[in-house]
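**Q** Put together the whole structure using the sequences plus the hints.
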Amino acid sequence: AVDEVEERGQRIARAGGESARFRQAARGVPQRLRPFARGARALDLACGEGLGAAQLLLWGAASVLGVDNSAEAVARARRTFAGLPGLSFVQADAHAFLDAGPGPFDLVTCVETVEHVPAPERLLRRLRARLAPGGVLLV
Numbered sequence: 029a030v031d032e033v034e035e036r037g038q039r040i041a042r043a044g045g046e047s048a049r050f051r052q053a054a055r056g057v058p059q060r061l062r063p064f065a066r067g068a069r070a071l072d073l074a075c076g077e078g079l080g081a082a083q084l085l086l087w088g089a090a091s092v093l094g095v096d097n098s099a100e101a102v103a104r105a106r107r108t109f110a111g112l113p114g115l116s117f118v119q120a121d122a123h124a125f126l127d128a129g130p131g132p133f134d135l136v137t138c139v140e141t142v143e144h145v146p147a148p149e150r151l152l153r154r155l156r157a158r159l160a161p162g163g164v165l166l167v
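Last residue of the sequence shown: number 167 in this note's numbering, and the count goes up by one each step with no gaps.
There could be a bad hint or two in this list.
[Said to hold, decoys possible] Restraint-style ranges between C-beta atoms, simulated for each label pair:
id : residue 1 : residue 2 : range
1  : Ala124    : Arg66     : 29 to 35 Å
2  : Ser116    : His144    : 22 to 28 Å
3  : Ala147    : Gly111    : 33 to 39 Å
4  : Pro161    : Arg104    : 32 to 38 Å
5  : Leu165    : Arg107    : 27 to 33 Å
6  : Arg107    : Arg150    : 16 to 22 Å
7  : Val142    : Val118    : 31 to 37 Å
8  : Arg107    : Ala160    : 28 to 34 Å
9  : Arg150    : Ala110    : 30 to 36 Å
No lab work stands behind these hints, which were simulated from the structure alone. No residue lacks a Cβ here, since even glycine has one placed at the ideal position from N, Cα and C.
**A** As structure tokens, this is what we get:
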């Protein structure tokens, strides 16, 4: 398992190009999430180019699904992290995606997003509904 995590880390670092942008995004994912990521089925809503989602995978998430409204951001995420097992990306509106009933997820992140959507309270209710029992939601 340690070798697999190390290999994932090396592949993510290569995919991110060890760029300043990748390091900055990785720092943006709160370290306190690290223990919750291990073995989790994770959702990164409003994932942008997938850097935070990749960090969750590096921390040992079993699977991470990144969702973003921007087709361009999702396309870049797919190119950047192509071939990493357990990491996938979907282009969709947050409300429409959550209405489709995905999950449950052990860990849901939705960072720098709630303040930008119409009806944020509706989004928060939907996010909570997609959590597995005992799951963690970071907004």
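**Q** Please go over all the hints and tell whether each is borne out by the structure.
**A** Taking the hints in turn, this is what the structure says about them:
no.: 1; hint: Ala124 x Arg66: 29 to 35 Å; in the structure: holds, 30 Å
no.: 2; hint: Ser116 x His144: 22 to 28 Å; in the structure: holds, 24 Å
no.: 3; hint: Ala147 x Gly111: 33 to 39 Å; in the structure: holds, 37 Å
no.: 4; hint: Pro161 x Arg104: 32 to 38 Å; in the structure: holds, 34 Å
no.: 5; hint: Leu165 x Arg107: 27 to 33 Å; in the structure: holds, 29 Å
no.: 6; hint: Arg107 x Arg150: 16 to 22 Å; in the structure: violated, 32 Å
no.: 7; hint: Val142 x Val118: 31 to 37 Å; in the structure: violated, 19 Å
no.: 8; hint: Arg107 x Ala160: 28 to 34 Å; in the structure: holds, 30 Å
no.: 9; hint: Arg150 x Ala110: 30 to 36 Å; in the structure: holds, 34 Å
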